[in-house]
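One letter stands for each residue in the lines below.
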Amino acid sequence: MSAPAGSPQRAASARMQPRLGGAAASGAAAGPGPAPRQQNGPAQNQMQIPSGYGVYPQNYSAPSGHCFQGPGKMTSLPLDDQCGDYYSGLYAVPTQNVVTPKTTNQQAGAQQIYGRAPPAPHNVGSTPEYFQGAASSASHLYTSASQPYSSLVNHYSGPAMYSANSSAVSQGFPSTCGHYAVSTVSNAVYPSVSYPSLPAGEPYGQQMFTSQNASTVRPVRDNSFSSQNTALSHPSPLPPPPSQQYHQQQSLSGYSTPSWSASGPPSTQDNLVRNHTGSLTPANNNPTNTVADSLSCPVTQNVQPPKSSPVVSTVVSGASSARLPPTANHLVEPVASVTQPSELLQQKGIDSSSTTSSASPLPNSYDALEGGGYPDMLSSSASSPAPDPAPEPDPTPAPVPTAPQPSKVAKPFGYGYPTLQPGYQNTAAPLHPGGQPCSPAYSGFQQYTQQYPGMNQLSSSLGGLSLQSSIQPESLRPVNLTQERNILPVTPILAPIPNLNLDLKKLNCSPDSFRCTLTNIPQTQALLTKAKLPLGLLLHPFRDLTQLPVITSNTIVRCRSCRTYINPFVSFIDQRRWKCNLCYRVNDVPEEFMYNPLTRSYGEPHKRPEVQNSTVEFIASSDYMLRPPQPAVYLFVLDVSHNAVEAGYLTILCQSLLENLDKLPGDSRTRIGFVTFDSTIHFYNLQEGLSQPQMLIVSDIDDVFLPTPDSLLVNLHESKELIKDLLNALPNMFTNTRETHSALGPALQAAFKLMSPTGGRVSVFQTQLPSLGAGLLQSREDPNQRSSTKVVQHLGPATDFYKKLALDCSGQQTAVDLFLLSSQYSDLSSLACMSKYSAGCIYYYPSFHSTHNPSQAEKLQKELKRYLTRKIGFEAVMRIRCTKGLSMHTFHGNFFVRSTDLLSLANINPDAGFAVQLSIEESLTDTSLVCFQTALLYTSSKGERRIRVHTLCLPVVSSLADVYAGVDVQAAICLLANMAVDRSISTSLSDARDALVNAVVDSLSAYSSTVSNLQHSVLIAPSSLKLFPLYVLALLKQKAFRTGTSTRLDDRVYAMCQIKCQPLVHLMKMIHPNLYRIDRLIDEGAIHVNDRVVPQPPLQKLSAEKLTREGAFLMDCGCVFYIWVGKSCDNNFIEDVLGCPNFASIPQKMTHLPELDTLSSERTRSFITWLRDCRPLSPVLHVVKDESPAKTEFFQHLIEDRTEAAFSYYEFLLHIQQQICK
Amino acid sequence: MEAVVFVFSLLDCCALIFLSVYFIITLSDLECDYINARSCCSKLNKWIIPELIGHTLVTLLMLVSLHWFIFLLNLPVATWNIYRFIMVPSGNMGVFDPTEIHNRGQLKSHMKEAMIKLGFHLLCFFMYLYSMILALIND
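Taken in order, these protein sequences are the chains called A and B.
Mapping of the first sequence onto my numbering: residues 105 to 1326, in sequence order.
Mapping of the second sequence onto my numbering: residues -4 to 134, in sequence order.
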């Protein structure tokens, strides 16, 4: 993490930091050897299984409740599943945007549509200027305010210190899982099947079917079947447990005496700290770096000597203001800081799950699940791992140096609370009238202002100078939209940083996970209404993170009244009490919390990891369970009608499954099942011990039943051979089918019955309109209406069957994911309901054919790989809390809203995004900060109950100008898109389109009439909103909302589904694609990712005027890439990159770039790979020749141009101006 | 005859009042999170048609018995009931849809509606009572 010596470019060196850190961490982790991960399975054997789980063998159920915790256990990696290595860094890496001072003027040619073009460098130059101002003032604040923190972050920072933890051991106790899987089915669940006393929990009872070698059993509820069961109904009820498991239990019970919990934290404290070493990283003497680092990464903060003199701060500011490019670079750092393995905190657990948290009152309804406390469940615990059998590698057990600092009691930023010392309030400077970001209002830090009074004055006066020099913040700079030709910046747009003091900024949640449309929250609803801007949150809570502090402790500290988790924004009144930042209740600090396991010091609750990180994950105790954590259960429901076989998706699916079978997230209990359907439903008996898979056909689709109570969902590890056999056989099993009907509804009902005892994930593959049984649908699309400009009908579902099913599934913790691979209309709007309300996800492959449409086939293959291996959380609930006075009223995403603020998510996946609309119910005058907290409680695929908590803190402002200054235009546009989808479904598409236009008109006219004092004849927007009209125009031309262009109904509905459930980063690409010129890629400003040089071409605006025949352009639309090759494109490019001798010989359908050994090919490919790596849906690449028929696809994304049915950007601006003047 | 009409209306109105109270109680249960949205909506949706029939019946009865004022008073509410029932989108599970009831302040507007209806029915109740007594005296 030190400053890379001899680095040619400062920019490059700053960017390299995260990567180096990562390498250091991984290198250290590799040191002890690639030990398998810890898996805390065996203790789950002692869970008491509720009745839903069936009869339980007696010898297991007896000792339940002693939830054992070994001393060195409960360590799990932040990325604890298979997709970890694949995904680590992918999200974060692309966000390290390089702000290279590109002054390459984009005004090639004389296409001056807008008349006078302002000097282009103005735009480019002014941005760093703003940054510079912010940076310099920031640096002053830093030295004054955040000094103590630089040292206290030490305790758990530094990449190397966790190396030991990463070698957690995965103990697959394969034999321990059997009983769980087998015992899940009880007779009572299947009343339709007339089995007389089937011993449901009997592991070996399924052998009864093995005697039947007939590949097809037709058990139409006849007696023959039941008689077989009775014949087998008396096997030994207590099978001998597998020996390994038994021994495990024995060894566990030795530890699990009640006295264990009594021994409590102190005895385990040694373990906690043992692995944290090397917290002092080498000093970084680079002054400019410290500016950025103070904003972003605590690690490099260590670097600063604890007693930094005021001189340093002035040097810092001088350096940063003197050089523009480095400053710009550093300012981008906060985004990149995600990759810094700085706060990786893995505590060695001090957890005894049998200890109930004293802080949880006992709730009495399900919604309080996430609120903890279930007395009836206390006896069972699932997350009690075994003692780590591998010797814990202890690289350098150096004691963590406790930084010498005065024991601080009050949290520094609890301003506004009268209980604080008067001196504190004195230091708080008044808010700057101009709404200046980085105003020092919140920087007061009592002790330190006393320590360095001179410096503080100096820095604040310097800050004041820099503030005053720019009268308005950059985000309020008025922009004349009609005059500004290059409205789109050449670098990717970053999320605005909330105007908080540095400490809070540093602690605040990453904008990738949590964003608000207004980073300055208006004080009253009246102010919000005046601003005419949408207020809401954009969430990406389960994002793949490269690092995440995982906290294991007996008591998860929460507010007693509002149940908020303790977070960095609470204030400690004294050592024993903390004040909730959401409801302002004063709570006690539990005894355990007083002890900081990282520093091994007592009495520093404000230094606990929970209070130092805004994104943390807790390992939850049994209080947070309604039932034992479920195993990972995957069911595949496959369409095998003629249409499906013809499309040939089965081959791809089975192949992907075979390849990724071992990578499916899960533990030894993982179960899997298959159901296929055409006009009948086929089940597959895969019970271990069978010689081959058995197919059981149910033809009674009006009243679906399960042909056999168990062995349809089988343990993945026990029946792996049979599963592989089935997957190999499936693609050829139905090749000659003549069945064209599809009984999707009954198949889903069967799937629901199959899944309801456990919950899990159902993946449905469907290729046509369901035509039989319940839930059958009619074709509703009129092809002649596809390009109608008037009404678009049938955007809503045709039947409530799928919605009901989804709610049933959601109630049983089952999510339904839909893969629609159809060539014709298949009423996605109805089918999508099954995923929408069960928290599933939807994939749509229009005109899919495995051979005729290879690009779609490849897309399916890649997306399946991601789908099968990505992280998954089961039986999840998410609750969003916000400061008193704010309230949430509408939620967007795939889930079921169970109560006012509780979202029920049967499954959660890393690619799911959510949006919430907020309103201000009470005036926020008595507070200057508001906080939002999302808590996502889920069961990991390893059977651990975990809570991921994100907390976002935002300032409250009272002036309209400040509200406009803090607009996050991307978040606002995403929220508007979500609202527009709702509007178009509930009322009509044209209504939604009008609402979108009105959103721009209203906000801009409100701005010009209240804030700006310029004349009304010009269209003025604040700089923060300058992209608003462009994005709204892009939305209007998006597939979901466009009219006049031929759009298939399913395509439109799919686009709407995407808008609803994509996280912001991906949604923005969908709405406004990025265009790059790639025929002249240069290494200037390139970034380095994994030893590869990734060039960073500037963004071009989406207009045909930017396309030249001499060039080649890459358009990144999120789910598809287009490379447009101009007619007279340089032959060198065509040869070197596309591998064709000349333009004419480029094939019409080209979906791959050949791997050529030329520099330009390498650059292009590394750029495309880099773009591709940062998203979950792997985009398909299309090479589009100029003049080829496919170019319309490309040209419809050029949203700034006019089409037959829609305005060009300039016309749109004029239209808005007209509306405003009206 | 007149008296019979009003006795019937009175009884019907009582039932509608009880129904309104039931709606309010159930919705406030949902608001306080005592029941989940699914069961709340299925409970309430069951009573939408009885309410509709009960109210339409009284309205028609007033028309038939030529009580113009009372008929015109009832007409808007009856129309609203029918309109609401007809305008339910095909994909929804009834007037109360569990997936939407927490969105866009629907719960609040349902609550408001139930309150207004309760007030209206109470007003009607006394009107019928008065008319009934008047009719009985006249007889």
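Please note: incorrect hints may appear among the correct ones.
Unchecked claim - Straight-line Cα separation of at most 27 Å, DSSO-like style, residue types lysine-lysine; simulated pairs: (1) Lys1295(A) with Lys1205(A); (2) Lys103(B) with Lys857(A); (3) Lys1205(A) with Lys1173(A); (4) Lys41(B) with Lys857(A).
Think of the hints as simulated: they come from the structure by calculation, not from any bench.
(request) Please flag the earlier hints that this structure goes against, numbers listed from lowest up. (result) 2
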